[in-house]
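Numbering follows my numbering, in which position 174 of the sequence shown is assigned residue number 252; successive positions increment by one, without gaps.
Any given hint might turn out to be false.
[What the hints assert, rightly or not] Straight line, CA to CA, 27 Å or less: simulated DSS-like cross-link-like pairs of lysine-lysine:
hint, residue 1, residue 2
1, 310, 372
2, 198, 148
3, 137, 160
4, 242, 111
5, 198, 372
6, 375, 86
7, 87, 270
8, 86, 193
9, 391, 317
10, 248, 198
11, 391, 375
12, 137, 148
13, 193, 270
14, 242, 217
15, 111, 310
16, 262, 248
17, 248, 187
18, 317, 270
19, 217, 262
20, 317, 262
21, 187, 317
22, 310, 160
23, 193, 262
24, 242, 193
25, 187, 310
26, 217, 187
27, 198, 86
28, 193, 160
29, 111, 248
30, 148, 87
31, 262, 137
32, 86, 111
33, 372, 391
34, 198, 217
35, 270, 148
36, 310, 242
37, 187, 198
Source of the hints: derived by calculation from the structure; they are not laboratory data.
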Amino acid sequence: MSNNPTSKKLNFLELLSNEEAIYENEAWQPLSKIQIPIIQRDYAQGREGEEELRENFLKFLLEAVNGTPKELDFVYGSVRDKILQPLDGQQRLTTLFLLHWFIAVKENKLNDELKNLLTKFTYETRTSSREFCIDLINKRIIYNPEQNISELIIDSSWFFLSWKRDQTIKSMLIMLDDIQQTFKDETEVWDKLNNISFHYIELQNFGLSDDLYIKMNARGKPLTDFENFKAKFEQHINKESWENSAEATETFSHQIDTLWTDLFWYYRDKTENVFDEHLLNFFRTMAVINYTIKAKKDDKFRGNLDLLRSSQKISFNQYLNLGCFDEE
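With the hints as extra help, turn the sequences into a complete structure.
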């Protein structure tokens with residue numbers, strides 16, 4: 079495929095089902111997934127304080143479904159192994175995902191075929207965000223125009239209360255309420271969503287690094303030390319196949335975003351509502367215990383133990399090199 083990026087005008091569902099899109103007589107890669115990368119921390123369009131942004135954007139989308147086709151500029155990113163990681167456009171894509179889901183639920187269009195299509199849109203940022211999107215699509219929601227859609231979701235048996243602390247999920251719920259308010263009186267909207275389009279640019283062979291991603295996406299915030307640690311731990315668990323036979327609810331990534339979050343929430347810094355440092359200290363303590371029990375008592379043992387017990391910052395690779403974490 080040519081390295082010269084070429085755009086193609088698509089709507090959201092066409093991007094998700096991009097099986098036969100072509101340009102310059104060359105077939106584009108079919109996309110198995112659209113994955114919001116871990117470098118992009120939170121969905122922002124639903125944040126508190128962004129009311130004017132949401133109102134203007136939803137008004138823009140409403141004009142599209144009322145007969146005036148609208149274009150949302152460019153969506154582009156890196157395609158690796160048929161997975162599109164948006165470099166720019168992740169906020170708009172998330173809003174379009176929420177809009178399509180809401181209209182599908184409201185107009186009873188959410189059949190198995192559409193569910194399979196929508197599940198191709200996913201978040202890598204947090205396990206909780208990813209699982210929320212999956213459950214949102216696959217679990218049953220009976221639309222009630224007299225009740226906020228966020229309340230229906232939160233009151234559902236599948237919704238973890240700890241998810242309310244995930245900023246992406248919190249923003250999604252706010253956006254869904256605003257979508258409901260904007261489109262509540264509209265009828266037969268589903269087919270009109272095709273009036274909303276964007277120009278998709280596939281940067282398939284550009285091999286964008288995380289550093290370049292951050293430089294080009296000025297809106298992305300750097301990950302915290304704990305978010306970096308957690309992401310690397312999850313990657314290591316997958317690489318070593320430690321949880322291949324585990325139930326989804328028993329995996330590290332699920333439990334740390336649900337049960338563990340509930341536990342450490344009580345010990346959070348109440349001025350900023352964060353508990354990252356407490357979790358890092360917990361893992362450091364577990365590392366000290368595991369190293370003390372299992373490490374070879376050679377000349378390096380005392381120095382390594384002092385390092386683990388010190389206040390010096392330790393990278394995840396250092397923990398691995400010292401053999402601090404294993405499948406047990």
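Right, here's what the structure says about each hint:
A threshold of 27 Å between alpha carbons decides the hint, and for residue 310 with residue 372 the separation of about 22 Å falls inside it, so the pair holds. At most 27 Å may separate the alpha-carbon atoms for a hinted pair to count; residue 198 and residue 148 meet this at roughly 24 Å. For the proposed pair residue 137 and residue 160, the alpha carbon gap of about 33 Å is over 27 Å, so the pair is violated. Straight-line distance between C-alpha atoms of residue 242 and residue 111 comes to about 25 Å, which keeps the hinted pair within the 27 Å bound.
The straight-line distance between the Cα atoms of residue 198 and residue 372 is roughly 42 Å, outside the 27 Å bound, and the hint therefore fails. The straight-line distance between the Cα atoms of residue 375 and residue 86 is roughly 62 Å, outside the 27 Å bound, and the hint therefore fails. A hinted pair counts as satisfied when its Cα atoms are at most 27 Å apart, and residue 87 with residue 270 qualifies at roughly 16 Å. Restraint check: the Cα-Cα separation between residue 86 and residue 193 comes to about 25 Å, which is no more than 27 Å; the hinted pair holds.
At most 27 Å may separate the alpha-carbon atoms for a hinted pair to count; residue 391 and residue 317 meet this at roughly 24 Å. Only pairs whose Cα atoms come within 27 Å are accepted, and residue 248 paired with residue 198 is accepted, the gap being roughly 21 Å. For the proposed pair residue 391 and residue 375, the alpha carbon gap of about 23 Å is at most 27 Å, so the pair holds. Distance check on the hinted pair: residue 137 and residue 148 sit about 11 Å apart at the alpha-carbon level, within 27 Å; holds.
Proximity of residue 193 to residue 270 is assessed by CA-CA distance (about 19 Å); at most 27 Å being required, the pair is judged to hold. Among the hinted pairs, residue 242 with residue 217 is consistent with the structure: their alpha-carbon atoms are about 18 Å apart, no more than 27 Å. Using a Cα cut-off of 27 Å, the hinted pair residue 111 and residue 310 holds, with the two alpha carbons roughly 21 Å apart. A threshold of 27 Å between alpha carbons decides the hint, and for residue 262 with residue 248 the separation of about 21 Å falls inside it, so the pair holds.
At roughly 25 Å between alpha-carbon atoms, residue 248 and residue 187 fall within 27 Å of each other, so this suggested pair holds. For a cut-off of 27 Å, the pair hint linking residue 317 to residue 270 is broken: about 44 Å separates their Cα positions. Between the alpha carbons of residue 217 and residue 262 the distance comes to roughly 22 Å, so the proposed pair stays at or under 27 Å and holds. Restraint check: the Cα-Cα separation between residue 317 and residue 262 comes to about 46 Å, which exceeds 27 Å; the hinted pair is violated.
Between residue 187 and residue 317 the CA atoms are separated by roughly 38 Å; this puts the pair beyond 27 Å, and the hint is violated. Taking the CA atoms of residue 310 and residue 160, the gap is near 22 Å; set against the 27 Å cutoff, the hint holds. Distance hint between residue 193 and residue 262 is fulfilled; the C-alpha atoms sit about 22 Å from each other, no more than 27 Å. In summary, the hint linking residue 242 to residue 193 is supported, as the alpha carbons are separated by about 24 Å, within the 27 Å threshold.
Proposed proximity of residue 187 and residue 310 is contradicted: the alpha carbons are some 39 Å apart, above 27 Å. Taking the CA atoms of residue 217 and residue 187, the gap is about 14 Å. The hint holds against a cut of 27 Å. For a cut-off of 27 Å, the pair hint linking residue 198 to residue 86 stands: about 20 Å separates their Cα positions. Restraint check for residue 193 and residue 160: satisfied, since their Cα atoms lie roughly 19 Å apart, inside the 27 Å limit.
Annotation: proposed proximity of residue 111 to residue 248 holds, straight-line Cα distance about 23 Å (limit 27 Å). Distance restraint check for residue 148 and residue 87: the Cα-Cα separation of roughly 11 Å lies within the 27 Å cut-off, and the hinted pair is therefore satisfied. Between residue 262 and residue 137 the alpha-carbon distance is near 13 Å, which keeps this suggested pair within the 27 Å criterion. Annotation: proposed proximity of residue 86 to residue 111 holds, straight-line Cα distance about 18 Å (limit 27 Å).
About 22 Å separates the Cα atoms of residue 372 and residue 391, which keeps this hinted pair within 27 Å; it holds. Of the pairs offered as hints, the one joining residue 198 and residue 217 holds, with about 16 Å between alpha carbons and a cut-off of 27 Å not exceeded. A threshold of 27 Å between alpha carbons decides the hint, and for residue 270 with residue 148 the separation of about 11 Å falls inside it, so the pair holds. As the CA atoms of residue 310 and residue 242 are separated by approximately 24 Å, the hinted pair is consistent with the 27 Å bound.
At most 27 Å may separate the alpha-carbon atoms for a hinted pair to count; residue 187 and residue 198 meet this at roughly 17 Å.
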